[in-house]
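Those protein sequence lines, which keep their order, are chains A and V. For the first sequence, this note's numbering gives the first residue as 1335, with consecutive numbering after it. For the second sequence, this note's numbering gives the first residue as 54, with consecutive numbering after it.
None of these hints come from the bench; they were simulated from the model. A hint or two may mislead.
In silico lysine to aspartate or glutamate, EDC-like type, Cα no more than 16 angstroms apart, as pairs [stated by the list, open to error]:
| # | chain 1 | residue 1 | chain 2 | residue 2 |
| --- | --- | --- | --- | --- |
| 1 | A | K1572 | A | E1535 |
| 2 | A | K1587 | A | E1561 |
| 3 | A | K1531 | V | E93 |
| 4 | V | K60 | A | D1537 |
| 5 | A | K1572 | A | D1598 |
| 6 | A | K1626 | A | D1555 |
| 7 | A | K1572 | A | E1603 |
| 8 | A | K1368 | A | E1358 |
| 9 | A | K1368 | A | D1513 |
| 10 | V | K84 | V | E103 |
| 11 | V | K74 | V | E93 |
| 12 | A | K1531 | V | E76 |
| 13 | A | K1531 | V | E83 |
| 14 | A | K1587 | A | D1598 |
| 15 | A | K1626 | A | D1513 |
| 16 | A | K1587 | A | D1625 |
| 17 | A | K1531 | V | E77 |
| 18 | A | K1368 | V | E125 |
What follows is a set of in silico ranges between Cβ atoms, one per label pair, in the way DEER data are often shown [claimed, not checked]:
| # | chain 1 | residue 1 | chain 2 | residue 2 | range |
| --- | --- | --- | --- | --- | --- |
| 19 | A | F1428 | V | R163 | 42 to 52 angstroms |
| 20 | A | D1366 | V | E67 | 15 to 25 angstroms |
| 21 | A | L1392 | V | E67 | 46 to 56 angstroms |
| 22 | V | C370 | A | F1506 | 21 to 31 angstroms |
| 23 | A | F1506 | V | L250 | 19 to 29 angstroms |
| 24 | V | S87 | A | G1390 | 48 to 58 angstroms |
| 25 | V | E69 | A | R1594 | 47 to 57 angstroms |
| 26 | V | T141 | A | P1574 | 47 to 57 angstroms |
| 27 | A | L1392 | V | I347 | 22 to 32 angstroms |
| 28 | V | L94 | A | R1592 | 54 to 64 angstroms |
| 29 | A | F1428 | V | I347 | 34 to 44 angstroms |
| 30 | A | P1530 | V | R112 | 55 to 65 angstroms |
Partial list, derived from the structure: chain A residues whose beta carbon lies under 7 angstroms from chain V [stated by the list, open to error]:
| # | residue |
| --- | --- |
| 31 | T1396 |
| 32 | E1561 |
| 33 | V1564 |
A quick note: this is a predicted structure, and the numbers were derived from the prediction, not measured. The beta-carbon is built from N, C-alpha and C at its ideal position, and this holds for glycine as well.
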Amino acid sequence: MSSAEAPVRRSAPAPPALPERVRELVTPEGIDLKLRLAEMSERATAFFIDIAIMIGILVGGTLIVFLMALAAGRRSFEAIAIIWLLGSFFLRNFYFMAFELTPRAATPGKRAVGLRVATRNGGPLGFDAIFARNAMRELELFLPLSFLSVYGREAGGWGALAGLVWCAVFVFFPLFNRDRLRVGDFIAGTWVIRAPKRSLELDLAAGEADSGIQFTRAEVDVYGVKELSVLEDVLRRKDPPTIEAVAARIRAKLHRARPRGETDLQFLEAYYRALRARLESRMLFGHRRRDKFDQP
Amino acid sequence: MAELTLKSRRFREEREGQWRKLEELLARAEKGTSQLSDDELISLPVLYREALSSLSVARAISLDQSLIAYLETLCTRAYFFVYGTRTTLIERIQAFFREDWPNAARDLWRETVISVVLTALGVAVAYALTASDTSWFYSFIGPAMAQGREPTATTADLRATLFGGSDGFLTVFATFLFTHNAQIALLAFALGFAFCLPSAFLVFYNGLMLGAFIELFVSHGLGIEFGGWLFIHGTTELFAVALAGAAGFRLGWTLAFPGAQSRVDAMSEAGKKAAIIMTGVVAMLGVAGILEGIGRQLISDTVVRYAIGGAAIVLWCTYFYLPREPKA
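So that you can see chain A by itself, here it is in the shape it has in the complex:
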């Protein structure tokens, strides 16, 4: 009702589009889960954690096998060599696969960062997809590595350069597409999304209901949803200098003096409650006020 004859806005912001890395996933129940794709930085972190774990296992395993060989003497050398060979083969090829086959679909590194693998169409994640995305690591990771360590020296200048360019295409593939897909993700129809474990935080509106601070209708009509969420962040973070600065800013905007005995935190909490009550009740009547420029 308001948008048709809305008064001139000082600066009319475009209606909020989906943020850049949010993808739609509508469940069969008809609700959009708004998946958030993992950032490259997060995936790199997860990857380095995994590599560190793999190297740790390899070094530890080699030590154990070596000690076993020492203890068992020459006769069992054969069995121990097999254990080592198979162990390193499975570690290299199946570390990622084994963990991604679990219900959480994430390696320890991905779990630590709060990521998981999912299919791009929202369907179940099959063994074939996990195999495909991880077999491609051969091309993306181990080929460049072995190239750098061995073939590069043999190939000579131009050959090494050509090899590096070739490897770089695969290593930097994720940076050149919208969904941050590795070659393996591309092949397997998967992507990596954020799936952190969040705990339910306290409701800020659940504090003692009556702190005695009252606001007029005009005072709560100053801000919109965007400002409310900033205020929520400030209150959850509880950083004293920020709280002081924000309280001073809001008081100035409302032309209120600071009464004696009223702390900044009390004031902000009370204002948060009042503002949220006002905005939510208006939302129930169908008007969601985006921000302070969105005139009622």
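Chain V: place on chain A using the hints.
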């Protein structure tokens, strides 16, 4: 302004218990469904739908962004659990050997034929070149690979390499062969992504090496014996490499010519099919490694070697290509 209880707060107080229950069940379920009792397992989808409806309501009436974020992550976790794969590992393995693998291999028969033809071409080329001039041998096979099996070697030496049996490290040798070959096969598959060419080269080169060796032994009058030496494991191993090459071809071909589907969709379909083949290839190479490392070293009778190799190829072809009754 009078302080009323917020609707969004009442909403949260009413439903919070269910969300926490779902969260707790999920945490246990993600460790394995055996952690849950039957009742809990049945209640999980119900709780999931309630959480979804809560999310939908919260988006409409609540401005508590931490609450909405919490519900979004909770629903996402529950979604992936409820709609995730439900088969057990055993069932998956059964389905893989019963249907998935042979079906995928049959589906890639054209690529497999191309792969086999390329290998045969490599063999023919290397054989002809080495026969015309033995120095060609060194262009195909490096000294590390040859291990003394060179044109200058005597017939007795060559014969010794074919029948030189156990040195006590059979199983280690078998394991090494398996891991090495599997790694190469995985590479051949992954390289297919670059429009087939590297895969084609690998398969062809494999044929070249083979051809050069064949010529070497044939020219020393050891053709039959070499055939037995190669045949016992080679039928399985070369077939596996051909399949790996075929999987690579399918990837590269789909990337270049996706057909009626979009390139992204076609690639993910081809990739999954190729992945099934590759899983099987790793298993086949395991068999080949055992045949090569243990069987070949223990069995030095050429006829038995031919028999085992021949039986293997017949078995593989029966398993892959013989029509089977469609499942009801």
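Quick rundown of the hints versus the structure:
no.	hint	result
1	A/K1572 <-> A/E1535	14 angstroms, holds
2	A/K1587 <-> A/E1561	13 angstroms, holds
3	A/K1531 <-> V/E93	21 angstroms, violated
4	V/K60 <-> A/D1537	12 angstroms, holds
5	A/K1572 <-> A/D1598	11 angstroms, holds
6	A/K1626 <-> A/D1555	9 angstroms, holds
7	A/K1572 <-> A/E1603	11 angstroms, holds
8	A/K1368 <-> A/E1358	5 angstroms, holds
9	A/K1368 <-> A/D1513	14 angstroms, holds
10	V/K84 <-> V/E103	23 angstroms, violated
11	V/K74 <-> V/E93	10 angstroms, holds
12	A/K1531 <-> V/E76	9 angstroms, holds
13	A/K1531 <-> V/E83	12 angstroms, holds
14	A/K1587 <-> A/D1598	15 angstroms, holds
15	A/K1626 <-> A/D1513	33 angstroms, violated
16	A/K1587 <-> A/D1625	15 angstroms, holds
17	A/K1531 <-> V/E77	12 angstroms, holds
18	A/K1368 <-> V/E125	8 angstroms, holds
19	A/F1428 <-> V/R163: 42 to 52 angstroms	30 angstroms, violated
20	A/D1366 <-> V/E67: 15 to 25 angstroms	24 angstroms, holds
21	A/L1392 <-> V/E67: 46 to 56 angstroms	52 angstroms, holds
22	V/C370 <-> A/F1506: 21 to 31 angstroms	43 angstroms, violated
23	A/F1506 <-> V/L250: 19 to 29 angstroms	21 angstroms, holds
24	V/S87 <-> A/G1390: 48 to 58 angstroms	29 angstroms, violated
25	V/E69 <-> A/R1594: 47 to 57 angstroms	38 angstroms, violated
26	V/T141 <-> A/P1574: 47 to 57 angstroms	54 angstroms, holds
27	A/L1392 <-> V/I347: 22 to 32 angstroms	27 angstroms, holds
28	V/L94 <-> A/R1592: 54 to 64 angstroms	57 angstroms, holds
29	A/F1428 <-> V/I347: 34 to 44 angstroms	23 angstroms, violated
30	A/P1530 <-> V/R112: 55 to 65 angstroms	19 angstroms, violated
31	T1396	15 angstroms, violated
32	E1561	11 angstroms, violated
33	V1564	10 angstroms, violated
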